[in-house]
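Keeping their order, the protein sequence lines are chains A and B. So that you can map any letter, position 323 of the first sequence is 323 in this note's numbering, and since no number is skipped, the others follow by simple counting. So that you can map any letter, position 20 of the second sequence is 1020 in this note's numbering, and since no number is skipped, the others follow by simple counting.
Derived from the structure by calculation, the hints contain no laboratory data. C-beta atoms are modelled at their ideal positions from N, C-alpha and C, and glycine is treated no differently. Fair warning: there could be bad hints in the mix.
As the list claims (entries may be wrong) - In silico PhoX-like links for lysine-lysine, alpha-carbon gap of 20 Å or less: (1) K1175(B) / K422(A); (2) K422(A) / K1123(B); (3) K1123(B) / K1028(B); (4) K1067(B) / K1095(B); (5) K486(A) / K462(A); (6) K508(A) / K371(A).
As the list claims (entries may be wrong) - So the derived label-pair ranges between C-beta atoms look like this: (7) D15(A) / K1175(B): 16 to 22 Å; (8) G296(A) / F1208(B): 48 to 54 Å; (9) T364(A) / K1028(B): 21 to 27 Å; (10) A369(A) / K1175(B): 30 to 36 Å; (11) Q300(A) / H1104(B): 54 to 60 Å.
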Amino acid sequence: MSSYKADALIAKDIDAYLEQHQRKSLLRFITCGSVDDGKSTLIGRLLYDSKMIFEDQLAALEADSKRVGTQGQNIDFALLVDGLAAEREQGITIDVAYRFFTTEKRKFIVADTPGHEQYTRNMVTGASTADLAVILIDARKGVLTQTRRHSYLAHLIGIRHLVLAVNKMDLVDYDQVTFDAIVADYRSFAEQIGIKGFTAIPISGFKGDNVTARSEAMSWYHGPTLMDHLETVELDVAADQAKPFRLPVQWVNRPNQDFRGFCGMIAGGTIKPGNRIRVLPSGKTSTVKRIVTFDGDLDQAVAGQSITLTLADEIDCSRGDVIADALDPCQVADQFEATIVWMAQEPMLPGRPYWLKLGTQTVTANIQAPKYQVNVNTMEHLAAKTLELNAIGVANLSTDRAIAFEAYAQSRDLGGFILIDKLSLATVAAGMIHFSLRRSQNVHWQALDVSRETHANLKNQKPAVLWFTGLSGAGKSTIANLVEKKLARMNRHTFLLDGDNVRHGLNKDLGFTDADRVENIRRVGEVARLMTDAGLIVLTAFISPFRAERDMVRQMMAPGEFFEIFIDTPLAEAERRDEKGLYKKARAGALKNFTGIDSPYEAPLSPDLRIDTTRTTPEQAAELVIALLLGEL
Amino acid sequence: MTVNLTHLRRLEAESIHIFREVVAETDKPVMLYSVGKDSAVMLHLARKAFYPAPPPFPLLHVDTTWKFRAMYELRDRMAKESGMELLVYQNPEAKERGINPFDHGSLHTDMWKTEGLKQALDKYGFDAAFGGARRDEEKSRAKERIFSFRSANHRWDPKNQRPELWRLYNTRKAKGESIRVFPISNWTELDIWQYIHLENIPIVPLYFAEDRPTVERDGLILMVDDDRFRLKPGEKPVMRSVRFRTLGCYPLSGAVESHARTLPEVIQEMLLTTTSERQGRAIDHDQAASMEKKKQEGYF
């Protein structure tokens, strides 16, 4: 499909038109929804409205619409894109199709994938290169299981721009109340799974309302049309260029003795001649000499460009290595925790060696049995021994040699990988690295002989963990905050790990089941321990309801550095305060596994400090904690 | 300060990435060079990918002996300019039997192009071949992968395609398998023209309007490019100002009447035009699902 809007400028001044169109940016997006939601109709409408349809195609479309269309005498836009039925008849895999259209501002690449659960892998594939996802909802049906699944997958794959397209508004009389209710419903779900924001647009793909033209029938809606939004949504260009420099080396170009160029696409950051770089995993450093291209040397190059670098020194560097910012290199490790999306008929076999390809590195990897599988409809964690086609789970894996990587949340290029079956050679899974389990022992690019004592001495303090435990709403965060302020005034180096904040990032993959609560605390414990290694005084504010985990964390720390502080507030009092309204929700049954209501809280038997908040003000409590830390109690 | 990469720069970077990935991970790659505008862009991108070296693979022209003379001229010039080896393959059986577009209809394409390609790949043992297909060309290509695998007898199995995530391509192949790689999959026709304009890429002059000797036959305007063109009784070549939107064997390529003599004028005409690109190509008129079928049989 390829024709373009015959606007006046083309006829009047083709040079000006070309000039304008050479400055367009590129947006890749995915549409999520099923045929019933009007997805094909919407895509067809976008192509049609951006004048991507030739006259001969239009004639064919009109004829087809009358013959097999479902819209009576009207044009059936869905016929512009392959119907699933036709694909099934032809026996072709229902799959990812890429479609293209362009406007004056942007070129668009749309990944079109089927919406049913059995096509999870196709959606993940389409989403992997998308900047934005359009989640389609049928206004008559509202937020459905599949809406939640699509949103979860889009979020999982790291798409930051979500559009909630509430379609078929014409069938609910363009009713604002219906739209608002769907958006509110969606918002509460989105927040639950950590989606930071989304843009909701009421549309009718069939009638065209708010697709490219503003809807007259919905004057109550003041936001952008779908096309406006697609044309103007800010891409993550600036953020990508501000990241530390990363170049996965694809190919070493050696045409002769005098030239040795390292080729690749920049995965993050910006580079200039003269910049110091470090080659990973080896850790060798050098300086960028030239950025060589066919069009002449460049003064700088940025994320997304395919370039060739030459270095000032003759150092070992080959395909699979990563050239990184010398002062801010990526990590190197051989053991990871990762989310895995299984894409093959043959289920995953824990322990079997697979090829793992990440960036330009290919290594052998062993996957352990999954820690859990995620129910993609409810986001619940389920026990699992393996992963089958379309299953998503979290597992540890190890590689036969250390690789340079970043967490997927930091970098799609250095955190995303595929697994290849060594016998069938099929791509059997996609994976996203969360973090490494331990830094590879044989990699010494960092000066490891700076000890925890050195860190602590530099800060002129003794590291410690102040572990606040208690019911939700007991006052843990309030008191911990006060303590941290006081310590800062005393020139102490501190860090406050807060339950709510950690769950947005580090532990956003965890829910509130008992198993997840345990894992939540284990991770926080590990982080706190690392921070004490760095010489910090760490304050943690977590409900941490189970004795066993609090004891486990105590065991992790150096003797005398762990202080358990019990913020003792009776349930009735915490419930009366209910500052976040959580108790109310829990009582209404809207929150499951809520501590104190339907999940137990095991009070400490012998805390280092117990604060009764019915008799002590937060200010007094903070003073007590400081006294405890200074050994004055 | 943030640098804004235009859509053409992003497409360019993606294509260069694909070229390098193939060269790094396959044993014996080749570029299928058809001398058309898509091939011209592909060659230009390959040169960028490996600069200052020439692309480390040869150009393969699967020749039918019936291309326009201007195409042979540009082919030889570009091979020289790029410093690449040029392999020209002509199916010996087709040559011996004198297969031609006047007498043999679709057999001409089958034997010279489809069979010729398979024979050439087998003869040289190439395990990866770059092709200039684009996903916007027609519906069945919209779901074709960038790395498309072919069995030992060159068949495409659309039911068994590998997922392509991020920029990660699984290039591992079983014995006898080969890969067709399409580095300009995500380019549209307009992108191609804009890029040719922006980068000043040499293309066959046939894309520009000029007075040429032509005859009109079955609704197509055909160019009488040499004396092998068989005129029917009463047929007489007429000078018309024409250009071509797609190029192939000259007796099968329909011209359009046009006065677009410069690249901007060609683009202007393309943008204002009312019929889609492939209409000028006889091959597609055969059957509705012809492209799908041809692909399964091994046509590029």
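Hint check results:
{"no.": "1", "hint": "K1175(B) / K422(A)", "verdict": "13 Å, holds"}
{"no.": "2", "hint": "K422(A) / K1123(B)", "verdict": "28 Å, violated"}
{"no.": "3", "hint": "K1123(B) / K1028(B)", "verdict": "12 Å, holds"}
{"no.": "4", "hint": "K1067(B) / K1095(B)", "verdict": "14 Å, holds"}
{"no.": "5", "hint": "K486(A) / K462(A)", "verdict": "16 Å, holds"}
{"no.": "6", "hint": "K508(A) / K371(A)", "verdict": "15 Å, holds"}
{"no.": "7", "hint": "D15(A) / K1175(B): 16 to 22 Å", "verdict": "53 Å, violated"}
{"no.": "8", "hint": "G296(A) / F1208(B): 48 to 54 Å", "verdict": "29 Å, violated"}
{"no.": "9", "hint": "T364(A) / K1028(B): 21 to 27 Å", "verdict": "25 Å, holds"}
{"no.": "10", "hint": "A369(A) / K1175(B): 30 to 36 Å", "verdict": "33 Å, holds"}
{"no.": "11", "hint": "Q300(A) / H1104(B): 54 to 60 Å", "verdict": "57 Å, holds"}
In this structure, the hints that do not hold are numbers 2, 7, 8, in rising order.
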